[in-house]
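Novice: Knowing the structure of chain W, use the given hints to seat chain V on it.
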Amino acid sequence: MAEVVAVIASTHHPFYYRASTSTGEDRPPFADEWVRKITAFRQTLTRANPDVLVMVGSDHFHQLWLDNMPQFLVGKAPFYDANWYNEEREFGLPRMLLKGQEDLSAHILRAGLDEGFDLAFSNELRIDHSVTCPIITLRPEADLPIVPIYTNIFAPPLPQPKRFVQLGQAIREIVESWPSHLRVAVIGTGHLSLELGGPRQFGPHGPDPEFDQKAVEWIATGDLDRCLAEVTLDSLHSPGNATHGFMDFMLMMGVAGAGQKADYVDSLDLFHTMEAYFTWYPNGAPR
Amino acid sequence: MSKYLVDKFLFTIDRDPELVERYREQPRETVEWWEAERANAVLNCHAGEASTWLRFTDEEREALTAHDHVKLFELGAHPFLTLTLFIAMFERDHGPLEYQKAYGARLAHFNLPYPDIAT
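Just so you know, the protein sequences line up as chains W and V, in that order.
For the first sequence, our numbering assigns the number 1 to the initial residue and increments by one for each residue that follows.
For the second sequence, our numbering assigns the number 1001 to the initial residue and increments by one for each residue that follows.
Among the clues, some could well be false.
[Unchecked claim] Far from chain V, by Cβ distances over 12 Å, these chain W residues were calculated:
#1 Thr39
#2 Arg89
#3 Thr221
[Claimed, not checked] Listed next, the stretches of chain W that the computed footprint assigns to chain V, with coverage defined by at least 3 CB atoms under 8 Å from CB atoms of chain V:
#4 1-11
#5 231-241
#6 276-283
Rather than coming from a laboratory, the hints here were simulated on the basis of the structure.
Quick reminder that beta carbons are idealized off the backbone N, C-alpha and C, glycines included.
Isolated chain W, as found in the complex (with noise of 0.2 Å):
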């Protein structure tokens, strides 16, 4: 059977390409110490040597609109191209092409409708930075065929916080019954502490920097139960009106699995939202 070699909960931040390819004046103070801590993150996945990268994100109005919208959806498709017109005009983000690998997405589609899942799928799928960025931070070679699947923490009426868990849990599960030798690794983003379009965009830091120490603190120690008794779809607007994307990670720490400790933790504060880095190995860290 497949083999889960990591998993890896980031968040995706489109100004990371920008920041770090950048020269001379245009290029911001932080940029040096962010690509320091990005460098070091991606250590943590070529260490695991993968083969197969499961992509966890969720398109932002992109593709998937309102006339149409599922709450979880995987690409089956034996390419993907990424990045899209309004991401290169804001966030400088270069068009991409990822290989996929259509025998573990039907694999998916197939263990996860069976184990009570309705998940959509898509046999042509423009990926968004949500899924560009990890590989921009973590395999810039984009060499790796991926399984992208799509959450919506977006458009309400959205999907419970732990539907999100036991939607990890099940991909672990089904992604280690998959027939086939390959190492895999399954990287998901979402957000901490998140303000968009609203009153407290773009402050000097997140917009609920305890919030942010919190979650960073369940993450790290895989404590879903405190996690899950503290945040409800209500209680993320409190942090920032674009803080639901916190419910990938939350998907995440069903991944790695309750009371799992992340085996590499790391942290930027930047202005506008706080950077956050996990590594878990499931079957120990590689020598």
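Specialist: The following block gives chain V in isolation, referenced to the frame of chain W:
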């Protein structure tokens, strides 16, 4: 109230470079044209299978025409859509992050809970 249609306007303008410029330069003309010609298009269907019932309220039409992002927030337009499009139209006229900060400051009178964005 047609929050969905306001979001649809923001979504379809934002993804088209020509429409972003047209809405920036000629907001009233663009809103009127869009409501007459595009509002009822089902996005993955051909023109012969359009909807027949979608239209803005006067308040929504005026908020879009006035580029009034504060009113759009009050009406429950999706804040991500509004922000993304308005950055595309107006960031260029300001220094780094100046527009984004001013945009937030103009919303400072809103307290939680914010207007409902569910469609």
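Novice: Now tell me if each hint is right for this structure.
Specialist: Evaluation of the provided hints:
With a minimum CB-CB distance of about 25 Å to chain V, Thr39/W clears the 12 Å threshold, and the non-interface call stands. Separation of Arg89/W from chain V is inadequate, the least Cβ-Cβ distance of about 6 Å not exceeding the 12 Å criterion. With a least beta-carbon separation of about 28 Å from chain V, Thr221/W lies farther than 12 Å from that chain, consistent with its non-interface assignment. A count of 0 residues in the segment 1-11 of chain W with a Cβ less than 8 Å from any Cβ of chain V is obtained; the coverage claim is therefore unmet, three being the minimum.
With 3 residues having a beta carbon nearer than 8 Å to a beta carbon of chain V, the segment 231-241 of chain W meets the requirement of three or more and the stated coverage holds. Taking a C-beta to C-beta cut-off of 8 Å, the segment 276-283 of chain W contributes 0 residues in contact with chain V, too few for the three needed, and the coverage statement is violated.
Hint compliance for this structure: hints 2, 4, 6 are broken, all remaining hints hold.
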